[in-house]
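*Asks:* With these hints in hand, go ahead and build the complete structure from the sequences.
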Amino acid sequence: MATMAERQTAPLTVTVSVTDARPKSAYWPFVVPAVAVVGSVIVFPWVFTVWMSMHEWTVGGARRFTGLSNYMRLGSDERFLTSVGHTLVYTLLAVVLPLIFGTLAALIFNSRLPFRGILRGVFVMPMMATPVAVALVWTMMFHPQLGVLNYLLSLVGIGPQAWVFSPSTVIPSLVLVETWQWTPLVMLIVLGGLAAIPTEPYESAAIDGATVFQRFRYITLPMIAPFLMVAVIIRTIDALKSFDIIYAITQGGPGTASETINLYLYSVAFAYYDVGYGSAIAVVFFAIVIALSLLMLHLRQRTKWIDVQG
Amino acid sequence: MNLRKATNSLGLLFVGLVLVSPAILFFLWMASLSLKFEVDNAAYPPILIPERFAWKNYTGVFESNRFGLFFLNSLIVTGAATGLALLIGVPAGYGIARMKATKAAVVVLIARMTPGLSYLIPLFLLFQWLGLMGTLVPQIIAHLVITVPIVIWIMIGYFETTPLELEEAAVIDGANRWHVFRHIALPIAKPGVTVAFILAVIFSWNNFVFGIVLAGRETRTLPVAVYNMLSFEQLSWGPLAASALIVTLPVLVLTIVAQRQIVAGLTAGAVKGG
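In order, the protein sequences belong to chains A and B.
What the first sequence shows, in full-length UniProt numbering, is residues 1 to 310, in sequence order.
What the second sequence shows, in full-length UniProt numbering, is residues 1 to 274, in sequence order.
Here are the simulated distance ranges between beta carbons: (1) Leu166(B) with Val212(A): 45 to 55 Å; (2) Thr199(A) with Ile188(B): 25 to 35 Å; (3) Gly75(A) with Pro50(B): 50 to 60 Å; (4) Met223(A) with Ser21(B): 22 to 32 Å; (5) Ile100(A) with Thr7(B): 21 to 31 Å; (6) Leu152(A) with Pro187(B): 51 to 61 Å; (7) Leu3(B) with Gly253(A): 52 to 62 Å; (8) Leu92(A) with Leu28(B): 23 to 33 Å; (9) Val106(B) with Ser69(A): 24 to 34 Å; (10) Ala291(A) with Phe37(B): 47 to 57 Å; (11) Gly60(A) with Val257(B): 41 to 51 Å; (12) Pro226(A) with Pro50(B): 45 to 55 Å; (13) Leu28(B) with Gly61(A): 47 to 57 Å.
The hints are simulated quantities; they were obtained by calculation from the structure and are not laboratory data.
Backbone N, C-alpha and C define an ideal beta-carbon position, used for all residues, glycine too.
*Replies:* In structure tokens:
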């Protein structure tokens with residue numbers, strides 16, 4: 001009898017829960033306010049920017065449709081092209097360095113560290129601190145005569161550096177700040193990956209007498225590869241967009257030596273008020289961010305694929 | 001054996017301290033700069049702990065009535081932008097998770113990728129046209145660009161993992177969607193709301209780029225105010241460092257107090273505004 005009853009009711013509950021009780025349209029009211037807000041403060045600016053980019057338009061001046069001429073102008077704008085170069089160098093360094101230090105830190109945090117919780121809390125502090133406040137203190141530390149960094153270098157016998165005050169060292173110096181601030185994010189992502197690794201491979205490796213390096217190279221690294229890829233994607237996006245630190249410390253200087261696309265975009269749109277041309281830069285900038293992100297996602301698919309094959 | 005264990009963990013503790021030293025030394029130096037008189041800040045070799053503390057650097061910041069205004073501005077902008085984002089974003093995260101609308105999540109992701117500055121040109125023109133410049137409204141709306149995606153993104157993740165059985169049972173018993181959300185889904189997802197709240201507050205509080213474009217003399221938030229001090233009072237490091245520390249202190253305290261939630265939120269969504 002009992003089995004009969006179960007057989008009869010089981011399919012019934014399934015149909016109820018799939019069709020009658022949960023029609024998707026019933027959830028629309030929950031989403032509508034967000035759609036309205038996202039539409040007006042996020043999607044509308046995207047569309048409006050594209051439209052503006054096809055006009056000759058300065059704040060307070062007349063507006064004239066010029067088609068793609070703003071985009072043509074970008075191709076011969078030396079200052080823009082230089083800023084693209086700066087952005088790529090800055091991004092490359094600001095992805096690679098936090099990746100290396102963040103992975104190392106994650107390996108250490110994954111071991112049986114005493115006071116792990118407190119240490120992790122302190123380690124994360126730089127990325128949560130207000131960027132402008134941080135930049136201000138770094139500016140003082142970079143000071144060629146009174147800054148503490150040159151003093152520290154003198155202790156180990158290295159001569160004074162010009163840091164952010166020389167065109168040749170300004171980008172690496174800014175990357176130092178960016179690395180200091182964002183290594184914790186890489187650490188957290190990789191730590192998440194390490195926590196997911198099962199212990200069996202290590203046990204069999206220990207039996208086979210694998211060295212520490214071999215264990216890292218052939219077990220840990222392949223296992224955390226997808227997480228490293230996530231870290232690379234997020235770091236790339238953030239480094240491309242980096243603004244606060246560069247603007248607060250150098251404003252793109254000395255001269256235009258640390259002017260990235262974002263900094264140039266700011267000058268064109270809000271110092272020269274050339275919003276038409278500024279919009280064209282914003283569109284190209286956005287395209288670069290999306291293109292690089294897609295490239296990384298593609299690479300990520302491939303790392304997954306290799307994992308499956310291997 | 002025990003001795004070996006002890007030396008091992010002592011060694012690890014040392015490694016751990018080396019690991020956090022860039023953070024600790026930086027904030028120590030920041031505190032040191034903020035507590036020194038000009039003479040001590042200009043000394044070579046640099047002094048870490050001065051003989052006399054310059055508390056006047058701090059009292060000076062608090063006594064300036066402008067600081068109170070900027071603090072209030074920051075509080076209003078962050079409070080309103082976070083409050084609105086929770087009001088809008090928590091139900092949206094619920095709806096998206098239950099409708100399994102992954103495409104909607106992509107919009108949030110692209111919003112995360114877009115440089116903050118590129119929202120500003122159209123919004124700037126719009127606010128000018130509406131005559132809102134000179135009030136805090138433009139900044140509150142612009143901060144929604146950061147806070148709303150953070151909240152939606154984290155809440156989708158939380159509601160996807162909360163069990164459906166209870167909700168289904170309530171629906172069959174005749175409860176309407178709103179009641180199910182309000183009395184069953186929301187209480188379970190409370191930790192998620194906390195995480196979303198904390199991260200939205202921090203990234204809104206820290207935001208600088210919207211302020212430098214949209215803020216006028218009376219509507220500056222703290223990060224913008226501190227930046228302006230940098231350009232006008234380049235020579236007095238003590239008061240500058242003091243105000244920088246005051247601006248970032250609430251966030252640092254929050255990071256230590258809510259360490260677990262912040263780590264959970266960041267690893268889940270790896271979100272950051274601006």
